[in-house]
Amino acid sequence: MNRYQYIDLEYITEMADGDVVFVIEMINDYKTKIPEYIADLNKAASDRNTDEVKFYAHKLASSFMMMGAKQLNEIALKIEHNVKGSMAIEQLPAELRKMDELFMNVQKELDEELKLLNASN
Amino acid sequence: MARILIIEDEDLVRKALEFRLKKDGHQVTPCMDGRQGILTLETQTFDLIITDLMLPYNNGLEVVNRSKEIHKETPVIVLSNIGLEHVVMDAFNLGADDYMTKPFSPNELSVRVKRLIK
Chain A
1 MNRYQYIDLE YITEMADGDV VFVIEMINDY KTKIPEYIAD LNKAASDRNT
51 DEVKFYAHKL ASSFMMMGAK QLNEIALKIE HNVKGSMAIE QLPAELRKMD
101 ELFMNVQKEL DEELKLLNAS N
Chain B
1 MARILIIEDE DLVRKALEFR LKKDGHQVTP CMDGRQGILT LETQTFDLII
51 TDLMLPYNNG LEVVNRSKEI HKETPVIVLS NIGLEHVVMD AFNLGADDYM
101 TKPFSPNELS VRVKRLIK
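Order-wise, the sequence lines are chains A and B.
If you use the working numbering, the first sequence corresponds to residues 1 to 121, in order.
If you use the working numbering, the second sequence corresponds to residues 1 to 118, in order.
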């Protein structure tokens, strides 16, 4: 039963196969790396560089799924698959704002999980 | 134990791959981009290569192509995201042996690796 609204840790838990230290490391890395990738995506969008937007959205899409952040994954996939087609570059800021807002909620839930994991470890 | 080259630019995915394969008893060499991956496979031998398709500098198709040019018998697994099936077909045409869609199941990874290295 998933206790969270924005993340689902089933995948990383299966990957860890009981290694709590690995899960803690991955959550900490996630909290560091994802904002860097989002910053890269924002820069590519403000430079109106659609190749780079596609590249960073692709990178984010699979990274988001490491913590089961499905809503974030859907936004990244939408950008990746449409930025050179039906999605106008002008639509990107709205999608990126949604991404930022959702990621704040993801971070809160990850912090909550970290507290639980550190207490049990 | 097999010697496995991983070429994946996404840090979290690469770390997860490395963790799982080491847990299965393999020796893992990680690379962060296509250029570093090609340089590594040109200078070392591996029992298996796992490469992402969308990589900086040299993409995964270039990695598969170079790998098959110099180590034809070394199996290659390509990793792709949902929606990139057409690129996977290109990878198969270049000689890739298998593919997995991210996020890959850890158990499926173990089984596919075991099948290719025996």
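Heads up, a few of these hints could be off.
[Said to hold, decoys possible] For the chain A half of the interface with chain B, some residues (derived, Cβ under 10 Å), not all of them:
hint, residue
1, R3
2, Y4
3, Y6
4, I12
5, V20
6, K33
7, H58
8, E113
[What the hints assert, rightly or not] Here are the in silico distance ranges between beta carbons for each label pair:
hint, chain 1, residue 1, chain 2, residue 2, range
9, B, I70, A, R3, 46 to 54 Å
10, A, M1, B, T40, 37 to 45 Å
11, A, D29, B, D24, 19 to 27 Å
12, A, A88, B, G25, 44 to 52 Å
13, A, P93, B, E85, 25 to 33 Å
14, B, F92, A, D29, 19 to 27 Å
15, B, I70, A, A88, 40 to 48 Å
16, B, I70, A, L114, 23 to 31 Å
17, B, Q44, A, P93, 42 to 50 Å
18, A, A39, B, M89, 27 to 35 Å
Quick caveat, the hints were computed from the structure, so don't treat them as lab data.
A virtual CB, placed ideally from N, CA and C, is assigned to each residue, including glycine.
* Asked: For the pair B:I70 and A:L114, does the Cβ-Cβ distance stay inside 23 to 31 Å?
  -> violated (45 Å)
* Could you check if A:Y6 really has its C-beta closer than 10 Å to a C-beta on chain B? => With Cβ-Cβ at 17 Å, over 10 Å, it is violated.
* Asked: Does the hinted range 46 to 54 Å hold for B:I70 and A:R3 at CB?
  -> Once the Cβ atoms are compared, 50 Å apart, the range 46 to 54 Å for A:R3 and B:I70 holds.
* Quick one: are A:D29 and B:D24 within 19 to 27 Å, going by C-beta? -> holds (21 Å)
* Once the shortest beta carbon distance from A:I12 to chain B is found, is it less than 10 Å? -> holds (8 Å)
* Can the hint on A:H58 be confirmed by a CB-to-CB distance to chain B that is less than 10 Å? -> holds (5 Å)
* Asked: Within 44 to 52 Å or not, the Cβ separation of A:A88 and B:G25?
  -> holds (50 Å)
* Asked: Would the hint on A:R3 stand, with a C-beta cut-off of 10 Å toward chain B?
  -> violated (20 Å)
* Asked: Range hint 25 to 33 Å: satisfied by the CB atoms of A:P93 and B:E85?
  -> holds (30 Å)
* **Agreement of hint A:K33 with chain B interface, Cβ distance less than 10 Å** => Check passed: Cβ of A:K33 comes within 5 Å of chain B, closer than 10 Å.
* Is the gap between the beta carbons of B:I70 and A:A88 within 40 to 48 Å? -> Holds, at about 44 Å.
* Asked: So the hint says 19 to 27 Å: do the beta-carbon atoms of B:F92 and A:D29 match that?
  -> Between B:F92 and A:D29, where Cβ atoms are some 32 Å apart, the hint is violated.
Hints 1, 2, 3, 5, 8, 14, 16 from the list above are not met by this structure, while the remaining hints are.
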